[in-house]
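Novice: First to last, the protein sequences are chains H and X.
Residue numbers for the first sequence follow the numbering used here, so the first one is 4 and each next one is one higher.
Residue numbers for the second sequence follow the numbering used here, so the first one is 2 and each next one is one higher.
It is worth saying that the hints were derived from the structure and are not from the lab.
Note that this is a predicted model, so its numbers are computed, not measured.
Backbone N, C-alpha and C define an ideal beta-carbon position, used for all residues, glycine too.
Heads up, a few of these hints could be off.
What the hints assert, rightly or not - If we take Cβ atoms under 10 Å as the criterion, some of the chain X residues that face chain H in the derived model are:
1. A61
2. N135
3. F141
4. Q165
5. L169
6. W221
7. L227
8. L423
9. I429
10. A434
Said to hold, decoys possible - Here are some chain X residues the structure puts well away from chain H; computed CB gaps all over 10 Å:
11. L18
12. A95
13. G153
14. T167
15. G172
16. K388
17. H432
18. Q436
One letter stands for each residue in the lines below.
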Amino acid sequence: MKTITAIFMTLLTPLSANALNVFACEPEWGALVKELAGDIAEITVATTAFQDPHKLQARPSLIAAVRRADLLICTGAQLEIGWLPLLLRRSANPHIQVGDPGYFLAADFVRKIEIPKLVDRSQGDIHPQGNPHLHLDPRNIQRIASALAKRLTEIDRSGSSVFESRLNDFQDRWSAAMLRWEEESASLAGLRLVSHHRSFSYLAAWLDLDIVATLEPKPGIPPSGAHLARLLEQLTPNPPAGVIRTPYSNEKPSAWLSERLGIAELQLPYTIGGTDDVVDLFTLFDETIRLLKEHVN
Amino acid sequence: MLLILSAQASTAFSQDLSAEVQELRKLLGEVQQDYQSRIASLEERLTRAERLASGAKRDAEEAYEIAEQTSIDQSSGLALQNVFNPAIGSVIVARYGNVDQSWETIPGFIPGGEIGPGGSGFSIGETDFNFTSNVDPNFFGNLTLAIENDGGETKIALEEVWIQTTSLPSGFSLIGGRFFSEAGYINKFHRHADDFSDRPLPYQAFFGGQYIADGIQARWIAPAALLIELGAELNWGGGFPATANNKTGPGAVTVFTNIGGDVGNSNSWQLGLSWLSADIVNRDDGNNGDSFSGDSDLGVFDFVWKWAPDGNPTVRSIKVQAEYFRRHEDGVFAGIPYDGDQSGWYLQGVWQFMQRWRAGYRHDVVDADNGPLFAGTILEDLGSSSKRDSLMIDWSLSEFSRLRLQLTNDRVLPVTDQQLFLQYIMSIGAHGAHQF
Numbered sequence: 004m005k006t007i008t009a010i011f012m013t014l015l016t017p018l019s020a021n022a023l024n025v026f027a028c029e030p031e032w033g034a035l036v037k038e039l040a041g042d043i044a045e046i047t048v049a050t051t052a053f054q055d056p057h058k059l060q061a062r063p064s065l066i067a068a069v070r071r072a073d074l075l076i077c078t079g080a081q082l083e084i085g086w087l088p089l090l091l092r093r094s095a096n097p098h099i100q101v102g103d104p105g106y107f108l109a110a111d112f113v114r115k116i117e118i119p120k121l122v123d124r125s126q127g128d129i130h131p132q133g134n135p136h137l138h139l140d141p142r143n144i145q146r147i148a149s150a151l152a153k154r155l156t157e158i159d160r161s162g163s164s165v166f167e168s169r170l171n172d173f174q175d176r177w178s179a180a181m182l183r184w185e186e187e188s189a190s191l192a193g194l195r196l197v198s199h200h201r202s203f204s205y206l207a208a209w210l211d212l213d214i215v216a217t218l219e220p221k222p223g224i225p226p227s228g229a230h231l232a233r234l235l236e237q238l239t240p241n242p243p244a245g246v247i248r249t250p251y252s253n254e255k256p257s258a259w260l261s262e263r264l265g266i267a268e269l270q271l272p273y274t275i276g277g278t279d280d281v282v283d284l285f286t287l288f289d290e291t292i293r294l295l296k297e298h299v300n
Numbered sequence: 002m003l004l005i006l007s008a009q010a011s012t013a014f015s016q017d018l019s020a021e022v023q024e025l026r027k028l029l030g031e032v033q034q035d036y037q038s039r040i041a042s043l044e045e046r047l048t049r050a051e052r053l054a055s056g057a058k059r060d061a062e063e064a065y066e067i068a069e070q071t072s073i074d075q076s077s078g079l080a081l082q083n084v085f086n087p088a089i090g091s092v093i094v095a096r097y098g099n100v101d102q103s104w105e106t107i108p109g110f111i112p113g114g115e116i117g118p119g120g121s122g123f124s125i126g127e128t129d130f131n132f133t134s135n136v137d138p139n140f141f142g143n144l145t146l147a148i149e150n151d152g153g154e155t156k157i158a159l160e161e162v163w164i165q166t167t168s169l170p171s172g173f174s175l176i177g178g179r180f181f182s183e184a185g186y187i188n189k190f191h192r193h194a195d196d197f198s199d200r201p202l203p204y205q206a207f208f209g210g211q212y213i214a215d216g217i218q219a220r221w222i223a224p225a226a227l228l229i230e231l232g233a234e235l236n237w238g239g240g241f242p243a244t245a246n247n248k249t250g251p252g253a254v255t256v257f258t259n260i261g262g263d264v265g266n267s268n269s270w271q272l273g274l275s276w277l278s279a280d281i282v283n284r285d286d287g288n289n290g291d292s293f294s295g296d297s298d299l300g301v302f303d304f305v306w307k308w309a310p311d312g313n314p315t316v317r318s319i320k321v322q323a324e325y326f327r328r329h330e331d332g333v334f335a336g337i338p339y340d341g342d343q344s345g346w347y348l349q350g351v352w353q354f355m356q357r358w359r360a361g362y363r364h365d366v367v368d369a370d371n372g373p374l375f376a377g378t379i380l381e382d383l384g385s386s387s388k389r390d391s392l393m394i395d396w397s398l399s400e401f402s403r404l405r406l407q408l409t410n411d412r413v414l415p416v417t418d419q420q421l422f423l424q425y426i427m428s429i430g431a432h433g434a435h436q437f
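Given the sequences, and given the hints that come with them, work out the whole structure.
Specialist: Structure below.
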């Protein structure tokens with residue numbers, strides 16, 4: 004009965020007509036839209052920090068959300084290849100199809116790293132366009148923010164002055180924060196780490212960290228006992244400073260390896276909501292650097 | 002004395018002087034050497050800088066040349082010939098079966114499609130080839146060919162071939178062609194996506210495994226926070242349970258609705274209700290040459306619920322689904338008036354208990370109430386329902402491969418058969434869709 008009432012309530016509640024409906028595949032893009040559009044945007048985020056963006060299903064609530072979206076913002080570079088094309092098709096929304104102004108992929112605006120030389124599934128679940136976990140380099144956020152503000156204006160001309168002034172304000176604060184982060188993290192340069200998946204490659208490129216190995220034998224292939232044993236043998240003579248992982252990775256392999264190597268094991272927030280303190284893009288980098296310095300350095 | 006003194010002084014003086022001169026010479030020499038070496042090093046740096054500059058210039062020219070060539074290559078016909086190829090994916094399946102009491106009909110039901118547990122031994126299954134692409138800004142196209150080995154003969158079947166609109170306003174879309182009907186929950190999935198090695202009994206009895214329509218489908222999604230979807234299908238084709246009738250109007254009509262949403266971050270659900278009404282013309286019993294003509298009305302209720310901790314199925318997840326089928330058929334079979342009800346249901350749960358591993362249990366039942374009139378025909382009422390219990394366990398290294406073991410206690414016929422299936426399902430090519 005409650006469900007039926009809820010259904011009728013949803014049907015009867017007029018959806019706010021003035022708001023710009025935004026569908027964000029990952030929390031980082033929801034946060035960026037919030038920075039640039041403020042209250043103009045009503046944002047639905049498909050994943051949380053505890054969900055693997057590769058593995059989502061085109062579940063009913065997401066189809067309904069894409070149906071209502073004026074703008075869809077996702078990472079791209081095939082991160083959402085398993086579910087985004089299906090969502091686009093099922094949603095029957097003509098404004099957010101591939102190539103429409105309402106279809107925005109962050110990966111289209113930055114240089115990707117780790118572009119595979121061999122595109123073959125024997126190499127795991129690889130992304131031919133390169134590593135898609137690109138939001139952890141704040142320089143990428145800078146570029147994507149500019150492109151996104153342009154796109155927002157294209158979709159909603161009435162908000163253009165708001166988007167422009169919010170973009171300028173954001174870029175000022177972001178540049179200042181980047182200077183601060185680079186200063187704070189100077190001591191992290193050259194830090195040797197093991198990562199569960201290649202989720203932190205952009206962070207490593209920016210902070211000059213050295214990811215010496217991944218727990219996954221190949222991208223997307225879960226760590227096996229044999230691979231972990233090999234890593235242990237390889238890393239014992241010169242153990243790295245720690246093992247890092249995202250909130251959605253299985254914690255067992257990193258616990259196993261860090262315990263045997265006697266090194267730190269650290270779950271980084273990875274995206275908004277990854278820890279309680281990470282509420283926006285600024286706190287994401289604040290916390291990531293703080294945690295790295297506190298637990299690993 | 003004075004002379005001596007002065008001579009001594011002059012000697013001392015000249016000695017002093019020559020020491021100083023020597024000192025000065027030495028200094029001059031050092032300065033000269035210093036300058037020379039500095040000039041030499043400056044000259045060397047200059048040459049190096051010149052070399053570097055010319056190297057950089059050459060590099061820049063080369064880079065420009067490469068960029069130019071790349072852009073020419075990329076925009077030339079040669080490189081672009083294949084970029085409009087559709088996404089191509091193929092699914093390769095095979096199985097080993099151990100079946101003592103195989104069946105191709107379910108007591109009380111006229112069979113359709115390819116049903117039953119199949120035989121014993123190793124066999125390759127149906128190989129699917131799927132091609133998808135946007136056609137233009139208005140249409141999306143999908144083609145699936147199924148290639149199978151049937152008694153030593155290779156057959157190609159057009160499993161699906163449809164187009165869908167992508168630019169209709171207000172949540173509407175139309176599909177035209179041959180498509181998997183939205184009736185029921187798993188009907189729209191390819192069989193290789195199933196959690197068990199064969200379809201549940203109600204699907205085998207009422208849909209011949211899968212109800213495929215030739216016609217059009219219209220669907221609409223409400224602008225709501227929950228998924229509320231309504232749709233209808235008109236089918237002119239002869240895909241079981243419909244029969245081809247060569248009329249202007251469709252032989253079968255389906256209406257369906259899907260409602261679904263989330264409960265917190267960890268749960269999602271979907272509920273479906275569909276109604277299939279078919280005008281049956283000479284549905285052949287495939288056995289004695291008898292046939293049925295009349296009206297067939299089928300209602301399907303389906304429910305699926307999925308759980309994963311925080312919505313993250315990396316390590317653990319649960320999926321529970323159930324469907325209930327009820328059909329009323331009214332007409333003439335083998336010259337005898339027929340008016341009967343059939344029903345069936347299944348309930349299954351699949352539990353991913355650790356990374357890569359899943360286990361599942363399914364109970365499926367069908368039951369026909371045909372009465373005593375049809376003894377000796379395919380509709381003979383044996384007085385008991387057909388049921389099975391199945392247990393499966395499967396292992397997937399990646400999302401592209403799956404190995405499965407299934408044990409089934411089969412009571413479809415009035416005898417009990419213990420069956421075993423080993424199966425592999427591998428997909429190559431384009432990334433498959435994560436359908437809910």
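Novice: Against this structure, judge whether each hint is valid.
Specialist: Evaluation of the provided hints:
Proximity of A61 of chain X to chain H is violated relative to the hint, the smallest CB-CB distance being about 20 Å (cut-off 10 Å). Restraint check, N135 of chain X versus chain H: the minimum CB separation of about 7 Å is within 10 Å; hint holds. A distance limit of 10 Å between C-beta atoms decides the matter here; for F141 of chain X the minimum to chain H is near 6 Å, and the interface restraint holds. At its closest, the beta carbon of Q165 of chain X sits 7 Å from a beta carbon of chain H; the interface hint therefore holds under the 10 Å criterion.
Because the beta carbon of L169 of chain X sits about 7 Å from the nearest beta carbon in chain H, less than 10 Å, this interface hint is met. The criterion of a C-beta within 10 Å of any C-beta in chain H is met by W221 of chain X, whose closest approach is roughly 8 Å, and the hint holds. Annotation: interface hint on L227 of chain X holds; nearest CB of chain H at approximately 5 Å, less than 10 Å. Hint status for L423 of chain X: violated, given a least beta-carbon distance of 22 Å to chain H, over 10 Å.
Taking 10 Å as the C-beta contact cut-off toward chain H, the hint placing I429 of chain X at the interface holds, the least distance being around 7 Å. The interface hint given for A434 of chain X holds, since its Cβ lies 4 Å from the closest Cβ of chain H, which is under the 10 Å cut-off. Against chain H, the non-interface label of L18 of chain X holds: every CB pair exceeds 10 Å, the least being about 62 Å. Taking the minimum C-beta to C-beta distance to chain H, about 19 Å, the non-interface status of A95 of chain X holds against the 10 Å cut.
With a least beta-carbon separation of about 32 Å from chain H, G153 of chain X lies farther than 10 Å from that chain, consistent with its non-interface assignment. The beta carbon of T167 of chain X sits about 5 Å from the closest Cβ of chain H, which is not more than 10 Å, so the claim that it is off the interface is violated. Chain H draws G172 of chain X into its interface by the beta-carbon criterion, the shortest separation being 5 Å against a cut-off of 10 Å. In this structure K388 of chain X is separated from chain H by more than 10 Å, as the shortest Cβ-Cβ distance comes to about 30 Å.
Against the 10 Å criterion, H432 of chain X falls within the reach of chain H, whose nearest CB is about 5 Å from its own CB. Against chain H, the non-interface label of Q436 of chain X is violated: not every CB pair exceeds 10 Å, the least being about 6 Å.
Consistency with the previously given hints fails for numbers 1, 8, 14, 15, 17, 18, ordered from lowest to highest.
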